[in-house]
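Undergrad: Next come the chains, spelled out residue by residue.
There are 2 protein chains.
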Amino acid sequence: MAFPRKTIYIAVIGTGGVGKCFLSQLENLSKKFQDDQSLPILSLILVSRSKNLLFTPDYNGISFDDLLISLNNSTQCQLSIHEMIDFLANAPSSAVLIDNTSSQEIANSYPQFLAKGINIVTPNKKAFSGSLHLWQDIFTAATKSGARIFHESSVGAGLPVISTLNDLIDTGDEVIKIEGVFSGTMSFLFNSFTPTEGAGGLWSAEVLRAKELGYTEPDPRDDLNGLDVARKLTILARLSGIQLESPMSFPVQSLIPKELEKVTCRDEFLRRLPEFDFHMEEIKQTAEKIGKVLRYVGSVDVVKKEAKVSIEMFDRSHPIAALKGSDNLISFYTKRYDKGSLIIQGAGAGGEVTAMGVTGDLLKVVKCIS
Amino acid sequence: MAFPRKTIYIAVIGTGGVGKCFLSQLENLSKKFQDDQSLPILSLILVSRSKNLLFTPDYNGISFDDLLISLNNSTQCQLSIHEMIDFLANAPSSAVLIDNTSSQEIANSYPQFLAKGINIVTPNKKAFSGSLHLWQDIFTAATKSGARIFHESSVGAGLPVISTLNDLIDTGDEVIKIEGVFSGTMSFLFNSFTPTEGAGGLWSAEVLRAKELGYTEPDPRDDLNGLDVARKLTILARLSGIQLESPMSFPVQSLIPKELEKVTCRDEFLRRLPEFDFHMEEIKQTAEKIGKVLRYVGSVDVVKKEAKVSIEMFDRSHPIAALKGSDNLISFYTKRYDKGSLIIQGAGAGGEVTAMGVTGDLLKVVKCIS
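Heads up: the sequence lines are chains A and B, in that order.
What the first sequence shows, in full-length UniProt numbering, is residues 1 to 370, in sequence order.
What the second sequence shows, in full-length UniProt numbering, is residues 1 to 370, in sequence order.
Do not take every clue at face value.
Same chains, same names: a pair is fine if it fits in one copy or spans any two.
Claimed, not checked - Subject to a maximum C-alpha distance of 27 Å in a straight line, what follows is the list of computed DSSO-like cross-link-like pairs (lysine-lysine):
id, residue 1, residue 2
1, Lys144, Lys262
2, Lys292, Lys144
3, Lys211, Lys367
4, Lys177, Lys126
5, Lys292, Lys339
6, Lys6, Lys177
7, Lys31, Lys177
8, Lys32, Lys258
9, Lys335, Lys211
10, Lys289, Lys211
11, Lys31, Lys289
12, Lys116, Lys144
13, Lys292, Lys31
14, Lys20, Lys339
15, Lys364, Lys6
16, Lys31, Lys144
17, Lys339, Lys211
18, Lys31, Lys126
Because the hints were derived from the structure by calculation, they are not lab data.
If you're wondering where the values come from, they're calculated on a predicted model, not measured in any experiment.
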């Protein structure tokens, strides 16, 4: 790669698990770029999190040394989104916003960033799985201004899921169906509950164990309601040309028992969950009787323009049954891959791999705008 | 994507299985681009195969209507590689050479194309798995001139293998090991010979069956010698930073019995192959005794800087054991994917999917140079 030596200005919002990993990856990347005369200079000009802001109004770049401490000690006033857009739009050359938050408010402002020519890279699912209106606004603004928006990590973290789907479509393949395990938590839960070998525990016990091992959200109901999977599926369906209105506009099987839906307290929920083990046990035994296992899968039927998230039965030799640990697996059934499917498999969550998807996208933007 | 309306000049060499599929994909792509004012115009200015050449000296573009018939009837004299380079280097704007041949001669000239700023997209393994000297010349020339060279389809056809490996490395992950089934033929042979369920046939019978079903080269020895896998492994090893001298510079287990190495006639080879079934049967039974199956895998140990191609034993639940049909599977073991691996799986051969990798790469070049 030979780039003319120019500067690309980078703003990063969010310094949580993914944000911290990304900043560390960005530090290494910017050093590598600095040392190679054929590459542009990557200049970090803004870092922000809910309560703190660090930015260089003169576009001179922030040092990575003790960056998080400097951010913590910063007395700069938080910029409004409008001010941030102005700041980035006025940068001496191309700017990239890296949104490592899961903020709906920031996602809602993407069209404004893009309209001003500011490129965006983000793992924030909210922007692409919320209202169809926002989705359309985002891509219309990008097309008009020529700004790039990449969001590989919004599905399957660093796994090449979105880039593969886009490549299939852009090269003229016809996607027939997308099916997979899109949640590390659900993968872990079902791989333990109905393993291909051995018996597995009771459902409520597996939920507790997954929580104790850190595989669930602090409140496991945030996984069990299926919304996270529905959001990812919404993104893939829309990329496949299906105009899903929202992640609530198709069938999503919630694993929160109806009788516990009104329980507000997490601990009460977990205490009462064993009352409903008989139900999950029943489904498990039905599957076992015909030699199958259960997995929690999302699928998009591109031909019928339908999506759904549900517990399904699989032969033990099926790749989805054979999943290990908390791995994700996404199968693309297409016209060209007619004898099977194209499968991407691996860890679909975690700070480092999610940040990797973000860094990979940043590199793609850099290649485009250098 | 918003591109300024410019023209990108495309030359295609090779109209075999992959070449024909690619030309059909290019035709669709160029129509799509033509209709979208925000995209550049893709202009086909040269098509060539061993005996025929069709090109427009005035860079006006060739019609896709009855293209192969026009090529067949063309009376234009074949250009030398030097003349072809001149022609493309003098195009009014960026040019891309698509090499859909497996010609070593054309591969050898890549550095000259690249030095003149001509971008290259190719599935031709010879360029990247031949001498290390050629590999170095190619990438040095590309870096110097800024021309792009993409070769996704040189490993695993349209599967996102090379792009994924490059993304892992470019974002700072550490690749520890790459392991996989890199040959559709070998996949089919071993999935039939030692299936996860059932017995499988004798080795020589499986080879004959695979040949009859069209899963092998016309002479199956071209698959059984392991060179095709060794070439793909050489490419992945070099991308991982291991300077392998050639595909002959590391251990490759040939499945051509020593006693038959000097047999020149294919049919004699196939007739005598059953004499050596006892040997393969022995390995198979050794594996079966400990509940395992055999697969023909290539692996790169990036830490030890070693590569090898050999028959290995796998648990029946291992993703490599669970392969179906003639699918390829490539596992990346890395520092970030520390709890398992990142797996890419699917058809790794065939005209349409190989051409898709080429078309996908062309789109990447177009995005970079528009």
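Undergrad: Each hint should be assessed against the structure and marked as holding or not.
TA: Hints, one by one, checked against the model:
| no. | hint | verdict |
| --- | --- | --- |
| 1 | Lys144 <-> Lys262 | neither (46 Å within a copy, 65 Å between copies) |
| 2 | Lys292 <-> Lys144 | neither (50 Å within a copy, 57 Å between copies) |
| 3 | Lys211 <-> Lys367 | neither (41 Å within a copy, 44 Å between copies) |
| 4 | Lys177 <-> Lys126 | within (23 Å within a copy, 35 Å between copies) |
| 5 | Lys292 <-> Lys339 | both (23 Å within a copy, 26 Å between copies) |
| 6 | Lys6 <-> Lys177 | neither (43 Å within a copy, 36 Å between copies) |
| 7 | Lys31 <-> Lys177 | between (42 Å within a copy, 26 Å between copies) |
| 8 | Lys32 <-> Lys258 | neither (54 Å within a copy, 49 Å between copies) |
| 9 | Lys335 <-> Lys211 | between (40 Å within a copy, 25 Å between copies) |
| 10 | Lys289 <-> Lys211 | neither (29 Å within a copy, 39 Å between copies) |
| 11 | Lys31 <-> Lys289 | neither (58 Å within a copy, 53 Å between copies) |
| 12 | Lys116 <-> Lys144 | within (10 Å within a copy, 34 Å between copies) |
| 13 | Lys292 <-> Lys31 | neither (51 Å within a copy, 47 Å between copies) |
| 14 | Lys20 <-> Lys339 | between (42 Å within a copy, 21 Å between copies) |
| 15 | Lys364 <-> Lys6 | both (16 Å within a copy, 21 Å between copies) |
| 16 | Lys31 <-> Lys144 | between (33 Å within a copy, 21 Å between copies) |
| 17 | Lys339 <-> Lys211 | between (39 Å within a copy, 18 Å between copies) |
| 18 | Lys31 <-> Lys126 | neither (32 Å within a copy, 34 Å between copies) |
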